[in-house]
Amino acid sequence: MANLTLDPDRLLPADSTLRPIARELYDAVRGLPIISPHGHVPPQWLADDVPFADPTSLLITPDHYVTRMLHAQGVPLHDLGVGQGELSPEASRAAFRLLCAHWGAYRGTPVKLWFESELVDVFGLDLAPSAGTADDLYDAIAEKIATPAFRPRALYERFGIEVLATTDDPADDLRHHEKLAADPTWHGRVAPTFRPDKYLEPATPAWNGLVDRLGEVSGADTGTYAGWVAAMEDRRAYFAAHGATSSDHSHRDARMEPLPVAEAERLYAAARSGAITRDEGDALRRDLLFQMARMASEDGLVMTLHPAVHRNHHAPTFDRYGADVGADIPVAVEFTDALQPVLSAFGTSPGFQLVLFTIDETVYSRELAPLAGFYPSVYVGAPWWFIDAPEAMGRFRSAVTESAGFTKTSGFIDDTRAFLSIPARHDVNRRMDSAFLARLVADHRLTLDEALDTAVDLVVTNPRKAFRL
Amino acid sequence: MANLTLDPDRLLPADSTLRPIARELYDAVRGLPIISPHGHVPPQWLADDVPFADPTSLLITPDHYVTRMLHAQGVPLHDLGVGQGELSPEASRAAFRLLCAHWGAYRGTPVKLWFESELVDVFGLDLAPSAGTADDLYDAIAEKIATPAFRPRALYERFGIEVLATTDDPADDLRHHEKLAADPTWHGRVAPTFRPDKYLEPATPAWNGLVDRLGEVSGADTGTYAGWVAAMEDRRAYFAAHGATSSDHSHRDARMEPLPVAEAERLYAAARSGAITRDEGDALRRDLLFQMARMASEDGLVMTLHPAVHRNHHAPTFDRYGADVGADIPVAVEFTDALQPVLSAFGTSPGFQLVLFTIDETVYSRELAPLAGFYPSVYVGAPWWFIDAPEAMGRFRSAVTESAGFTKTSGFIDDTRAFLSIPARHDVNRRMDSAFLARLVADHRLTLDEALDTAVDLVVTNPRKAFRL
Amino acid sequence: MANLTLDPDRLLPADSTLRPIARELYDAVRGLPIISPHGHVPPQWLADDVPFADPTSLLITPDHYVTRMLHAQGVPLHDLGVGQGELSPEASRAAFRLLCAHWGAYRGTPVKLWFESELVDVFGLDLAPSAGTADDLYDAIAEKIATPAFRPRALYERFGIEVLATTDDPADDLRHHEKLAADPTWHGRVAPTFRPDKYLEPATPAWNGLVDRLGEVSGADTGTYAGWVAAMEDRRAYFAAHGATSSDHSHRDARMEPLPVAEAERLYAAARSGAITRDEGDALRRDLLFQMARMASEDGLVMTLHPAVHRNHHAPTFDRYGADVGADIPVAVEFTDALQPVLSAFGTSPGFQLVLFTIDETVYSRELAPLAGFYPSVYVGAPWWFIDAPEAMGRFRSAVTESAGFTKTSGFIDDTRAFLSIPARHDVNRRMDSAFLARLVADHRLTLDEALDTAVDLVVTNPRKAFRL
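Residue numbers (the working numbering), protein chains in the order written: chain A, 8 to 476; chain B, 8 to 476; chain C, 8 to 476.
The set of hints was computed from the structure by calculation and includes no laboratory data.
Please note that a few of the clues may not be correct.
As the list claims (entries may be wrong) - Calculated from the model, a selection of chain C residues having no Cβ within reach of chain A, i.e. all distances over 10 angstroms: (1) Pro-159; (2) Arg-160; (3) Ala-334; (4) Leu-455.
As the list claims (entries may be wrong) - Label-pair ranges, simulated between beta-carbon atoms: (5) Phe-325/B to Leu-13/C: 35 to 43 angstroms; (6) Asp-241/C to Asp-456/A: 56 to 64 angstroms; (7) Ala-282/C to Asp-260/A: 31 to 39 angstroms.
Unchecked claim - Which residues of chain C face chain B? A partial, calculated answer using Cβ under 7 angstroms: (8) Thr-24; (9) Gln-347; (10) Ser-351; (11) Arg-373; (12) Gly-380; (13) Ser-405; (14) Thr-408; (15) Glu-409; (16) Phe-413; (17) Thr-414; (18) Ala-449; (19) His-451; (20) Leu-453; (21) Glu-457.
Bear in mind the structure is a predicted one, so any value in this text is a computation, not a measurement.
Every residue gets a Cβ at the ideal spot worked out from N, C-alpha and C, and that includes glycine.
All chains, full assembly: derive it from the sequences and hints.
This is the structure in structure tokens:
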């Protein structure tokens, strides 16, 4: 039975010249606090500090990074607890066994790195997952998470988290954030993020109901275009008052372009009456997103953009399980032309700040680094989602640095609801950035002092600046 | 006169930490049998076991990897024997001299690696090609290929080939495959592959004649859409009965999308009467390709797709020499949207299996790895054609592994009619995969045991599984 | 205060196996003359040999590589002297201080490498730029450039420049080139380059005025399409007679496609009367560019193409400062389809030669290397502009070599008006090519002799051949 250990030098370059340099850089950043400006941890977990239920619903079911690869091996999502309520003990254990039995399929993926880090560093276990170790691992984890030391707040402390941003609906009352803020025993910082995507897609069936609700919570009359704008301004202010520093946006393309007011009003009215075409819906959405940018330039909420994902690619999976279960597939993206109107309008406005994320790596050297290397408002987002992984991180720094340097990159985001993986995710990034910097030192592009300074900046200064924390 | 040798550590990383690990991994796979599930060796060569005619018609004329680069140096294809029948001894020798005189142009290309491996490993020669060595090399090779040890069957044995797939027209009677199957002295496995591209392009001039012929060989009435479908089902069954496990498809784009039956019938009738537009032809082709996928989900032939090549780019070359002479140039490709209909229909069907090849490397991390990391039916094809080369192989593993792992990749295909290069091509791939895995071991992403297990899988398990061999 | 030094092994791989090989290769090329077949140094500098005015107007203001990154840090272009006439001593010093204060923002960029090389190698200084060293550096540089040793001609000699190509308007009388040619004390070679972009964009406001002027200088009647063609033929001949060997072209896309003559004449007439649509303007431009290729196949001027940049992306910057101030942002590009007509027409014509540059790196392995690996007329241009940088150079060789080898690449171009950075730019490229070749030697893809031969070719043979120097 394979013994599981974590080598202290993991991910650092094997080369005997590079490794000691990388180790010195990594040592300078490994213990720094975690700043997590974009993620999906439910704020209620920390507000209520309830114990996690069972290993599967903590580590498998909600994490599409994990479930999608089992699905690719032929395991039905249902067998992993997806789309169900609370799992029976038998179902939970069975799902955990499936994960362990297919552990070999994760070789070379970041999930393997994160999960093994969780086993060793978070749970103190030393068993490699396999069919033969599944029950022992399950029992050991189940035992741990029943203890106070594994409650969410205790882990937040232990992980050294300084800021944790959540992702929230504009109509959300942010009660969990309020509860945390009002709790004198709580010393962390959990900030909401304004995520209005669904309210900007006027051609989708749910839109009218959502906009009705938006009117209710804001007190604005969302029957008109002007009312929609007023409602959004109101909710953004509400979020800012509750600690939000950014809004987050994901649509099929990155375009933001204002319509003539009369045209915007006409399309808005058409959408409200349910009579808008798909093309008109796109045009109105690009106008509404431009409005968001205009608001950002005024209220200072950082705008983060991560477009170009074909959501819910497999229709039967969506029909059965809904969204966010691992069936989203990226597509090519274009930023240069798409952002020309908004950057001509706000690209040098002091209030405006735009962080651009991509899964299409081709834009890093071609578009994002050149944009961030000219516009003071633009930051290149860290590699995320499918490319939040060591090889991709190396390619990212290689592609972006020569045109944008280090200062115009966002710092790492973990983008996860897998709360226990947060330290491992940040750690992987710190190691890979140390590896990249070590190479620049070894071939005399940077001095060691410059690299040390930059390594710390990437962990601390950059996310604070990019996300205005 | 430069002496030609092959370093036993060639292509393994130079780093003193990595090389011993890579060597250990490579030693575990170097002697494994060759599985070649996609290629272009004429089955007649093995069926009839005729000696190869002369060095040029064996090594140069039919191999567009070789001829295209000489053409780029200004050598007319005619001077290399292209587009002619049998070569005179003088013409053959002259072409061989041209290759040797331009040998420097192949530096850094895989052709150099393959060809030098053939000289040393297959022919036992130790002369580096150059103007000064051309005649000696020519004579030595000519002498060898006249001997029984260099007949196709003897080389098949010597190369350790376990399976060799050919590429065949749906109307082919597969007589060479039958002859091999009926021959008690033959112990190899040569499987046909169903390649129906030309029958799916209704707007091309040749289509009606081809579809007539398809009707003849299948006995179906291809005057109607239903007849075309029946004919294809019949020929697929014929191929399967003769050992085929896959069908191979290459069109300008990757889209497969069913038309309403009446519309498909209408367009089919229009095409049969020679009155179909190019756009209609595309729409019908996408429907026919969807039908192919539907058949695949039923008969279990693996579907391999390699779209997005601008065929016969140089009109004068096509006019003089026809297709497949090195004038095909890749274009950008899109898979995510294009495959949505077919994967929503068959993506989780147990019978359906789809291997996606590309020359546009941008889709590896953006589309192919995410698709293969979700759909049980999808495999990422190995880098092929222009990117069947060491640097590209490294990029491939780097781009694909983090989202799809190793298990959802196809294993190597050599895609060649250069029979003598098959061992070298597989060897290069084994070396590069060993190099990649060695890096994961050296920086502690995999244990050595995991890497050894994976290295063997990539050579043996993956192609068997991806191609259902 | 950090001491600034240049390590002799900078940019060579740190690995102890690779570095000695790389060093041997680099030693073979470091002292070779500089061939600069594409750049933007004003010919007047050398014709008149006037001293440089001050450190800022020499090193900062005209160099958008430098200014754009300060702009991205929030520094207004105005504060760097952009868009102004001669700078006051105070303004010049203040701009230099801004650069030094933000020096950290250049970490990891090639600007840092070039600028530090200029300080050490050209000026003999050893102070790292910072807020604290700005004035000392400024004063030291100011003192040097006032001396005869820092006049343009003296530097040209000292840098070992063999050929320097400038970029010139078709209507230019090339008087500075004539002055140099007539000067018996001048032994260098400064060649003009024919850059007719603006004359090929019939839908732009300036076009009619430019074409009028073209008629004047050529004596052709540019009122008609035939006259435009005659005028261009005349000016190309004029340039060729003054030493030009190439014409340079940059448009939004790469397409060249002839119109039927009557249609070309109709669109030309419409454009001359100011009544051409944007789409018609594109069609006519593609015809005119095809005409340029036809002329090239006859007069032998090498055609260089570098399409796909969104010029003047930030409207307010363009309104205030005009073009070429760092606000150009690349977009995706397509070559395969776009060049099919012109390569079918001239791809194997002995007179025609086409060098293809890109900032969209995705085309290197997908399109450019396959094109250059088939067409004798096609060369892949070196990475330039945003990707004229070490990491990108490594990716370039990795992406291009396996399909095009080394012989079908252009050799380095510096593309700069930063005259003092020319040696550093070429040196960086020589180091990176040595590093790439060293890896091929270390893993036995090339012998050391082959690599040495190739290293020299890349510096000397390739640019001479690609640019017909």
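The hints, checked one at a time:
1. Pro-159: It holds; Pro-159/C is separated from chain A by about 28 angstroms at its closest Cβ, greater than 10 angstroms.
2. Arg-160: holds (32 angstroms)
3. Ala-334: violated (6 angstroms)
4. Leu-455: Consistent with the label, Leu-455/C stays out of reach of chain A, its closest Cβ about 21 angstroms off (over 10 angstroms).
5. Phe-325/B to Leu-13/C: 35 to 43 angstroms: violated (53 angstroms)
6. Asp-241/C to Asp-456/A: 56 to 64 angstroms: Between Asp-241/C and Asp-456/A, where Cβ atoms are some 59 angstroms apart, the hint holds.
7. Ala-282/C to Asp-260/A: 31 to 39 angstroms: This hint holds: roughly 33 angstroms between Cβ atoms.
8. Thr-24: holds (4 angstroms)
9. Gln-347: holds (6 angstroms)
10. Ser-351: holds (4 angstroms)
11. Arg-373: At about 5 angstroms, which falls below the 7 angstroms cut-off, the nearest Cβ of chain B leaves the hint on Arg-373/C intact, so it holds.
12. Gly-380: holds (5 angstroms)
13. Ser-405: holds (4 angstroms)
14. Thr-408: holds (4 angstroms)
15. Glu-409: holds (4 angstroms)
16. Phe-413: holds (6 angstroms)
17. Thr-414: This hint holds: Thr-414/C lies near chain B, its Cβ roughly 5 angstroms from the closest one there, short of 7 angstroms.
18. Ala-449: Nearest chain B Cβ about 4 angstroms off; hint holds.
19. His-451: Holds - the Cβ of His-451/C comes within 7 angstroms of chain B, reaching about 4 angstroms at its closest.
20. Leu-453: Result: holds, 6 angstroms to nearest chain B Cβ.
21. Glu-457: holds (6 angstroms)
When the structure is compared with the earlier hints, violations turn up for hints 3 and 5 and for no others.
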